[in-house]
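Undergrad: Each chain, written out:
Protein chains: 2
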Amino acid sequence: MAMQKAPQAFPRPEYLRRLSAVRAEMERREADVLVVTSPANITYLTGYTSKSAYVPQGLIVSLKEEEPTFFTRRMDAPAAKHQMFIDSSRVIGYPENLIANPDMDGFDAIIDFLHDRALAGGGVGLEAKSISAQSVDKFKARMPQATIVDFANGVHWIRGIKSDLEIALMREAAANADAGMARAKEVIRPGVREADAAAEIIAALLRGADGKPSTDLSGFFLCASPRSATAHIRWSEDVFRQGSQINLEFAGVRHGYTSALMRTMSIGKPSDRLRRVHEGEVAGLEAALAAVKPGAVCGDVAAAFNSTMKKHGLEKESRCGYAIGIDWTEPTASLKEGDRTVLKPNMTFHLMLGNWIDDDFGYVISETFRVTESGAEAFSKLPRIMFEI
Amino acid sequence: MAMQKAPQAFPRPEYLRRLSAVRAEMERREADVLVVTSPANITYLTGYTSKSAYVPQGLIVSLKEEEPTFFTRRMDAPAAKHQMFIDSSRVIGYPENLIANPDMDGFDAIIDFLHDRALAGGGVGLEAKSISAQSVDKFKARMPQATIVDFANGVHWIRGIKSDLEIALMREAAANADAGMARAKEVIRPGVREADAAAEIIAALLRGADGKPSTDLSGFFLCASPRSATAHIRWSEDVFRQGSQINLEFAGVRHGYTSALMRTMSIGKPSDRLRRVHEGEVAGLEAALAAVKPGAVCGDVAAAFNSTMKKHGLEKESRCGYAIGIDWTEPTASLKEGDRTVLKPNMTFHLMLGNWIDDDFGYVISETFRVTESGAEAFSKLPRIMFEI
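Residue numbers (numbering that gives the first Met the number 0), protein chains in the order written: chain X, 0 to 388; chain G, 0 to 388.
Since the hints were made in silico from the structure, they are not lab data. Treat the hints loosely; a few may be bogus.
Unchecked claim - Here are the simulated lysine to aspartate or glutamate pairs, DMTMM-like style, with alpha carbons at most 25 Å apart:
hint	chain 1	residue 1	chain 2	residue 2
1	X	Lys-50	G	Glu-199
2	G	Lys-211	X	Glu-29
3	X	Lys-4	G	Asp-104
4	G	Lys-50	X	Asp-195
5	X	Lys-161	X	Asp-102
6	G	Lys-139	X	Asp-149
7	X	Lys-50	G	Asp-357
8	X	Lys-309	X	Asp-359
9	X	Lys-128	G	Asp-111
10	X	Lys-50	G	Asp-237
11	G	Lys-63	G	Glu-95
12	X	Lys-139	X	Glu-185
13	X	Lys-310	G	Glu-95
14	X	Lys-128	G	Asp-195
15	G	Lys-211	X	Asp-107
16	G	Lys-343	G	Glu-13
17	G	Lys-128	X	Asp-102
18	G	Lys-50	X	Glu-316
19	X	Lys-211	G	Asp-237
20	G	Lys-211	X	Glu-199
21	X	Lys-380	X	Glu-185
22	G	Lys-211	G	Glu-199
23	G	Lys-128	X	Asp-107
24	X	Lys-211	G	Glu-236
25	G	Lys-161	X	Glu-236
Bound conformation, chain X alone (with noise of 0.2 Å):
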């Protein structure tokens, strides 16, 4: 029996339009084909969250062809065929003589269906930064006459601005992230060990908001004192004490579209500087949203974010924020000064102010938002506050 298709997250002319947009820019970069790598990319094109990346696969667009074709390893093969709007009859899965072999893998299938449909002969659009430099050198040496383009951020850049339709994906996933925070609300407790309030929060993520459950989970970090300093830490063994400050980064997953948020708690009252660098931050984040419309550029937030956190005696090292959207980070547009990027209209950034002074002290705030035909519209429902429980 065919495998049945899945209720797909949009309709056929999403996915059409938005491969349009890949195929005029291979025209502008002179690339007849494409060999999308970047497993976000992937997505985006088609549909597909499966977690097969862990073996080479890659997205064929072609100039001369509606559909793209996507190889995988055979047993992932039912999956693409399960999420993927395309037929099919477009998602090849390769054998498994190319799975652990030093002498082959999945992207010999790849070449060798380029040199059958006689694509190995003109511009050959690879993700260069996806792919290890041996798979590069690999395309090159089995298509001598090809003209390998490297498309870089290419299609990254595409996705920058979203449908509607993404959008409203991306409030959807927002709403699991708030219920996410709610219940850290409830859960940390002094005498509460770290990873049994991350297993509660995690399971409120997935529960979701409104009937939508996340659909993978993204990032998530619990960074609790005494290691406020510290950014990327999953959770602790450790237990909450009375006087802890908690760090928390997560998001809600909407097929693949993520919605990050980061709060800092409190358990008792916050020490003075925590509650000055808190107002600090704050008012950067409220003057950093007011600064957003339509033909200002990325590094006018920033500007506006960094001269409030100047006034307040603060100011913070990394850029405070990025664009955001399938798998959390796009690689593209930056919050930060001196990044020309314009903003229109359903562009998507994460206004990122964890802020890491030093190596006893940090602390975190965020907010998703989009660009709107006039500011911003921050996609949480949850007051900007410290939580103090």
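Got chain X; can you put chain G on it based on the hints?
TA: For chain G alone, coordinates are given in the frame of chain X:
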């Protein structure tokens, strides 16, 4: 105040022993210095499990120094000082102007360091598979006097034979996986949403067993009817039904060490086909474990599995397992016919009998085991049954 050290997963001599083995391999490969970039290898050599590999980082092992030096983003340095066994002065946070900068990144800071230490003119080992083609090119271009040595899986192979301390962590991780599977059996019921069951199972995995929580969540897959042919879908928004088959794959994790576990469940009586496959696979599993002993090779284990399956009229296309340890799969030994890796005590494998047979049917069962002095020790205490709900 200096960042305090976390409780260490291993004593200092354990790390020094591992580093000595790496230095011996460096001498064999004629590398005076090695830049370790694989996150699991960095965990192995330092105890670091914080999630900072989203930006360039490298652990620099020199033939001349007992302790390595770690370069990471400035905001991630406190976590490294906290978790790594090395002196905090050996953790170097590179500045924020190397983030989201098209011209320079963290690898430039590492290359500068190698020049400063007069290490850029000899043999420089790189784990080329873990970094992009552009990054390898940068090392070559900025160190024209160096002989770049691709270290390939050199460190991964050293990780293959575990110490008793590592085995103890893998047993703890297996107990956590067992707790997750026990919870799955309780919560999977007709009418329950897959995402809600996943939330409960993951929470149980994280809480763990015997007072030892999981320190991370690793791969988690719940592939239920009509998706039992899929291997790597997280879960769906669908509900379980009477007659549903549920294929589960997940792991407990302790300080990076992962014990994976797969079991199939059936709501109500399984079909004859499912029962026949289950019986053949369990017989194959027992035959494979019986073939494990020091001096046998990986291919012997696979042959025992395959011949037993054949007697049951079954076959499995993919390899029947692989080396496992930190962060799940080790890209070294495979349990497949033709693999001549000789089994030695305290090698650990995931005997992974997931069998995605056609587009509408798959079955899973697995054991994580170690090679003992005379045979195999499976870490899970679960029976090798198909759970009927």
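Undergrad: So, for every hint listed, does it hold in this structure?
TA: Structure-based check of each hint:
{"no.": "1", "hint": "X/Lys-50 with G/Glu-199", "result": "holds, 21 Å"}
{"no.": "2", "hint": "G/Lys-211 with X/Glu-29", "result": "violated, 56 Å"}
{"no.": "3", "hint": "X/Lys-4 with G/Asp-104", "result": "violated, 42 Å"}
{"no.": "4", "hint": "G/Lys-50 with X/Asp-195", "result": "holds, 20 Å"}
{"no.": "5", "hint": "X/Lys-161 with X/Asp-102", "result": "violated, 41 Å"}
{"no.": "6", "hint": "G/Lys-139 with X/Asp-149", "result": "holds, 19 Å"}
{"no.": "7", "hint": "X/Lys-50 with G/Asp-357", "result": "holds, 19 Å"}
{"no.": "8", "hint": "X/Lys-309 with X/Asp-359", "result": "holds, 21 Å"}
{"no.": "9", "hint": "X/Lys-128 with G/Asp-111", "result": "holds, 22 Å"}
{"no.": "10", "hint": "X/Lys-50 with G/Asp-237", "result": "holds, 19 Å"}
{"no.": "11", "hint": "G/Lys-63 with G/Glu-95", "result": "violated, 30 Å"}
{"no.": "12", "hint": "X/Lys-139 with X/Glu-185", "result": "violated, 56 Å"}
{"no.": "13", "hint": "X/Lys-310 with G/Glu-95", "result": "holds, 22 Å"}
{"no.": "14", "hint": "X/Lys-128 with G/Asp-195", "result": "violated, 36 Å"}
{"no.": "15", "hint": "G/Lys-211 with X/Asp-107", "result": "violated, 44 Å"}
{"no.": "16", "hint": "G/Lys-343 with G/Glu-13", "result": "holds, 19 Å"}
{"no.": "17", "hint": "G/Lys-128 with X/Asp-102", "result": "holds, 15 Å"}
{"no.": "18", "hint": "G/Lys-50 with X/Glu-316", "result": "holds, 20 Å"}
{"no.": "19", "hint": "X/Lys-211 with G/Asp-237", "result": "holds, 11 Å"}
{"no.": "20", "hint": "G/Lys-211 with X/Glu-199", "result": "holds, 16 Å"}
{"no.": "21", "hint": "X/Lys-380 with X/Glu-185", "result": "holds, 17 Å"}
{"no.": "22", "hint": "G/Lys-211 with G/Glu-199", "result": "holds, 18 Å"}
{"no.": "23", "hint": "G/Lys-128 with X/Asp-107", "result": "holds, 17 Å"}
{"no.": "24", "hint": "X/Lys-211 with G/Glu-236", "result": "holds, 8 Å"}
{"no.": "25", "hint": "G/Lys-161 with X/Glu-236", "result": "holds, 23 Å"}
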